[in-house]
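On the provided structure of chain A, position chain B as indicated by the hints.
Here the protein sequences line up with chains A and B, keeping their order. Each step along the first sequence adds one to the number in the working numbering, with nothing skipped, and position 21 is 21. Each step along the second sequence adds one to the number in the working numbering, with nothing skipped, and position 141 is 141.
Check before you lean on any hint, since a few could be wrong.
Identical chains share a label here; the pair holds if one copy fits it or two copies do between them.
[Said to hold, decoys possible] Pairs of lysine-lysine, PhoX-like flavour, derived with a Cα cap of 20 Å:
1) Lys325 with Lys57
2) Lys411 with Lys77
3) Lys404 with Lys477
4) Lys143 with Lys99
5) Lys467 with Lys411
Bear in mind the hints are in silico, worked out from the structure with no lab data behind them.
There are 2 protein chains.
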Amino acid sequence: MARNIVSREKDYSQWYLDVIKAAELADYAPVRGCMVIRPDGYALWESIQRHFDEAFKDSGHVNAYFPLLIPISFLEKEADHVEGFAPECAVVTHAGGEKLEEPLVVRPTSETVIGHMYSKWVQSWRDLPILINQWCNVMRWEKRSRLFLRTSEFLWQEGHTAHATREEAVEETLKMLDIYRDIMENILALPVLAGEKSEGERFPGADNTYTCETMMSDRKALQAGTSHFLGQNFAKAFEITFQNQDGELDHAWTTSWGVSTRLIGAIVMTHSDDDGLVIPPRVAAVKAVLIPISPDQAVMDRKLLPKSTELAGSLNSVLGKRSVKIDTNFHMRPGDRFFANLQKGIPLRLELGEKEFERGVLQAVRRDTGDRFDIPWDKAAVVVPGILEEIQKNLYDRALAFRKQNTFMVKNYGEFREIIEGRGGFVEAFFAGGRDEEKLIKEETGATVRCFPLGREETGTCFFTGKPDAKLAIFAKAY
Amino acid sequence: MARNIVSREKDYSQWYLDVIKAAELADYAPVRGCMVIRPDGYALWESIQRHFDEAFKDSGHVNAYFPLLIPISFLEKEADHVEGFAPECAVVTHAGGEKLEEPLVVRPTSETVIGHMYSKWVQSWRDLPILINQWCNVMRWEKRSRLFLRTSEFLWQEGHTAHATREEAVEETLKMLDIYRDIMENILALPVLAGEKSEGERFPGADNTYTCETMMSDRKALQAGTSHFLGQNFAKAFEITFQNQDGELDHAWTTSWGVSTRLIGAIVMTHSDDDGLVIPPRVAAVKAVLIPISPDQAVMDRKLLPKSTELAGSLNSVLGKRSVKIDTNFHMRPGDRFFANLQKGIPLRLELGEKEFERGVLQAVRRDTGDRFDIPWDKAAVVVPGILEEIQKNLYDRALAFRKQNTFMVKNYGEFREIIEGRGGFVEAFFAGGRDEEKLIKEETGATVRCFPLGREETGTCFFTGKPDAKLAIFAKAY
Numbered sequence: 001m002a003r004n005i006v007s008r009e010k011d012y013s014q015w016y017l018d019v020i021k022a023a024e025l026a027d028y029a030p031v032r033g034c035m036v037i038r039p040d041g042y043a044l045w046e047s048i049q050r051h052f053d054e055a056f057k058d059s060g061h062v063n064a065y066f067p068l069l070i071p072i073s074f075l076e077k078e079a080d081h082v083e084g085f086a087p088e089c090a091v092v093t094h095a096g097g098e099k100l101e102e103p104l105v106v107r108p109t110s111e112t113v114i115g116h117m118y119s120k121w122v123q124s125w126r127d128l129p130i131l132i133n134q135w136c137n138v139m140r141w142e143k144r145s146r147l148f149l150r151t152s153e154f155l156w157q158e159g160h161t162a163h164a165t166r167e168e169a170v171e172e173t174l175k176m177l178d179i180y181r182d183i184m185e186n187i188l189a190l191p192v193l194a195g196e197k198s199e200g201e202r203f204p205g206a207d208n209t210y211t212c213e214t215m216m217s218d219r220k221a222l223q224a225g226t227s228h229f230l231g232q233n234f235a236k237a238f239e240i241t242f243q244n245q246d247g248e249l250d251h252a253w254t255t256s257w258g259v260s261t262r263l264i265g266a267i268v269m270t271h272s273d274d275d276g277l278v279i280p281p282r283v284a285a286v287k288a289v290l291i292p293i294s295p296d297q298a299v300m301d302r303k304l305l306p307k308s309t310e311l312a313g314s315l316n317s318v319l320g321k322r323s324v325k326i327d328t329n330f331h332m333r334p335g336d337r338f339f340a341n342l343q344k345g346i347p348l349r350l351e352l353g354e355k356e357f358e359r360g361v362l363q364a365v366r367r368d369t370g371d372r373f374d375i376p377w378d379k380a381a382v383v384v385p386g387i388l389e390e391i392q393k394n395l396y397d398r399a400l401a402f403r404k405q406n407t408f409m410v411k412n413y414g415e416f417r418e419i420i421e422g423r424g425g426f427v428e429a430f431f432a433g434g435r436d437e438e439k440l441i442k443e444e445t446g447a448t449v450r451c452f453p454l455g456r457e458e459t460g461t462c463f464f465t466g467k468p469d470a471k472l473a474i475f476a477k478a479y
Numbered sequence: 001m002a003r004n005i006v007s008r009e010k011d012y013s014q015w016y017l018d019v020i021k022a023a024e025l026a027d028y029a030p031v032r033g034c035m036v037i038r039p040d041g042y043a044l045w046e047s048i049q050r051h052f053d054e055a056f057k058d059s060g061h062v063n064a065y066f067p068l069l070i071p072i073s074f075l076e077k078e079a080d081h082v083e084g085f086a087p088e089c090a091v092v093t094h095a096g097g098e099k100l101e102e103p104l105v106v107r108p109t110s111e112t113v114i115g116h117m118y119s120k121w122v123q124s125w126r127d128l129p130i131l132i133n134q135w136c137n138v139m140r141w142e143k144r145s146r147l148f149l150r151t152s153e154f155l156w157q158e159g160h161t162a163h164a165t166r167e168e169a170v171e172e173t174l175k176m177l178d179i180y181r182d183i184m185e186n187i188l189a190l191p192v193l194a195g196e197k198s199e200g201e202r203f204p205g206a207d208n209t210y211t212c213e214t215m216m217s218d219r220k221a222l223q224a225g226t227s228h229f230l231g232q233n234f235a236k237a238f239e240i241t242f243q244n245q246d247g248e249l250d251h252a253w254t255t256s257w258g259v260s261t262r263l264i265g266a267i268v269m270t271h272s273d274d275d276g277l278v279i280p281p282r283v284a285a286v287k288a289v290l291i292p293i294s295p296d297q298a299v300m301d302r303k304l305l306p307k308s309t310e311l312a313g314s315l316n317s318v319l320g321k322r323s324v325k326i327d328t329n330f331h332m333r334p335g336d337r338f339f340a341n342l343q344k345g346i347p348l349r350l351e352l353g354e355k356e357f358e359r360g361v362l363q364a365v366r367r368d369t370g371d372r373f374d375i376p377w378d379k380a381a382v383v384v385p386g387i388l389e390e391i392q393k394n395l396y397d398r399a400l401a402f403r404k405q406n407t408f409m410v411k412n413y414g415e416f417r418e419i420i421e422g423r424g425g426f427v428e429a430f431f432a433g434g435r436d437e438e439k440l441i442k443e444e445t446g447a448t449v450r451c452f453p454l455g456r457e458e459t460g461t462c463f464f465t466g467k468p469d470a471k472l473a474i475f476a477k478a479y
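Same shape as in the complex, but just chain A (with noise of 0.2 Å):
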């Protein structure tokens, strides 16, 4: 275990900070509540931006950008919105030395400035639908604050969508729940949980709420992302209106959806342990770091660097660019460096010393399982990219089987309570309750619905309420 990062049996939340620390993933900033995301950190969100990017543009989006500063009487114009968010609001009430006669508030979210737009540009059905996403930064001013998990500011995406029809608006935010649900699994090995949310959990302004749920290694749920159905909410409070292809003026259909840094957190709490950051492969900017290690100089100079150089472009010319980093920090004790590199969450490590130059091969350290072998280096180039899969799917796996180990149905609020208030985790159950009963159970347990899950049609007896016909529910404590 490592004397940096206490053990989450000790202390969960302390070991989260512990582990972001010591892998250089963010610091707290100078002003109360933000972060500043380091390099390690930023690299990580690059890639996972990477992904979603792709995604968005191979399903017919393209990015734009909208303005942060937002007129506060623009947030007034959807009663459920403004409600929600004005209370996080940061706002800007001066600007080039004189008062603002309107303050503007930092963007929580972009629906009221995007819809003014979307007003404007919409005339006809011609120019519908309306595929747009944003990458940017959002504020909302938090009381209390969590690396990735909750700061006062936060990168994202925000996709913005509108449609001539209902149902195709429907479709769309269906559509990106499963592109979102997709990377999560396969890129970041978070399994998820996709469905729909309940009325108390729905985003303001919003007829429907979707979401990717996922369980830390604490099993606590996390809302990973989310896809909303914003009816014509948003498009009458904006007027975004067309000539449909009868000639007559409608209002348009919108959705919007975001995935944030908060991803970074789920990965952290997902895959990690008690010597640090576990990051799956590929999603790792650095997927194995190469380390020669010698005393010698000139045994270094001649031998391990020219390899180690040569080994890395090959690996690289497979995996992609800068994907093999050289450990050069020949001014640590070798035992020191290994542990850098492994709290760093680096998928593989391969060890080049005198002993293994002499044989021709590479020492590797799985770092989800610490097995360790010797890769020769003819080989590598072929061997490395299945062990990095190997590795993916097992953490995938392993995350998998420990979220249904964790999940339980209950039949009545005891059991869900020993459960809840007990060793914790996911609880499946029937549920007929509405807001006011929500509110209850979040007050004496802590848990809230984190969703009815899609593809899960049975139904059964509310074990609150005792109605029948409910609706399978997944509840949780959440972050």
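Structure of chain B alone, referenced to chain A:
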């Protein structure tokens, strides 16, 4: 000439806005002085970003993210810096429903908050250099805005590096200037004069500012990117100290450098014509548009569309994913379809009508010259990349020739005024004046010292003061 675009000769400012509007690059936002970057403008920015980002990474830099909001007291720690930026700041005074104890400014640039973080990260010479870049939005409140050139919010990258020695920091400053020049010239096709700024034009807080200056098609100069040697000014203000190899405490030497969405304005004003936008192929997101044309739906469905899809696929495989777009605006007249794509600045138009289909060719039209010629289908993937490179070269050569034709060496103030106040252009002159003389010249003529160009070591008698051994300066009116 396009009816939706006024000619350059008639009204250059309006022409610029008309081109941007016709190409759908950007719109004014509902917040004064701010812009919305529309999808085609943002795709251009993404392409610009990719080229710079790759060059930064290849030269050992890494990306990170620092907070948007900066305590006002941070700005005040560097005297020149606060004087330069405080009047332009947007200020957050309230957040989370409460008045803040200390107002926060929306970053106009991040030297201060990054300096604060570096002081925590740097202890020993082994922690140096730090080579970090940030892609983000910044805000400088503008009374008079102009899309891309001068808006209250804009997007940019800001590099911030810290070094153990003065020499290394100076080297970094010049290295980044050269990377800027290289990409501007070779990718954006903008001929660059790289040089040192005069005292009066320096970045607030810098010891030296270097710049890339380009000539727009109205003969005015545009500062396209700057690189600053900050000496120890910010290191002293923010206590970035380190133990050097002799065990002594020393202040770091820092640099900063940036390019912004202003580069889009530079592309518009360098290459475009009275018909609309012209984008150099290497930076164009869409490099060619394929336009199938037939009034006969059956011909379209059975012949033209399948062939277009096939050809676009084979072109994309050599030019890169999504480089070739198929125009499907079948409800528009062919002439309008040609014109819409022409106004969007797409370098190459490829028409496929029934006649071309029978002959197995595409009819190509170059955006830069209007040249029209056939390309056989089976040669397209081989020929098109070469044509795009010819267009790229032609645009650069044309812009360079234009700058040369409009650059004049002058010996005295009379000649100087004749050029600047007459036909316009760049004026080369030996100059030994200081801040006062610069101010006077600007007041009388509107021209400023754009730079003392690097690599031009000749000296002579100052055209303004008559002093000997004056350095060569470039003067111009500027954006």
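Against the structure, the hints:
Taking the shortest alpha-carbon separations for lysine 325 and lysine 57, only the inter-copy value of 13 Å comes in at or below 20 Å, while the best intra-copy value is 30 Å. Taking identical chains as interchangeable, the C-alpha atoms of lysine 411 and lysine 77 are never at most 20 Å apart, the minima being 43 Å within one chain and 63 Å between chains. When the C-alpha separation of lysine 404 and lysine 477 is checked against a cutoff of 20 Å, the pair qualifies only within one copy, where the shortest distance is 16 Å, while the shortest distance between copies is 69 Å. Taking the closest pair of Cα atoms, lysine 143 and lysine 99 come within 20 Å of each other only across two copies (14 Å); inside a single copy the shortest separation is 27 Å, beyond that limit.
Taking the shortest alpha-carbon separations for lysine 467 and lysine 411, only the intra-copy value of 12 Å comes in at or below 20 Å, while the best inter-copy value is 95 Å.
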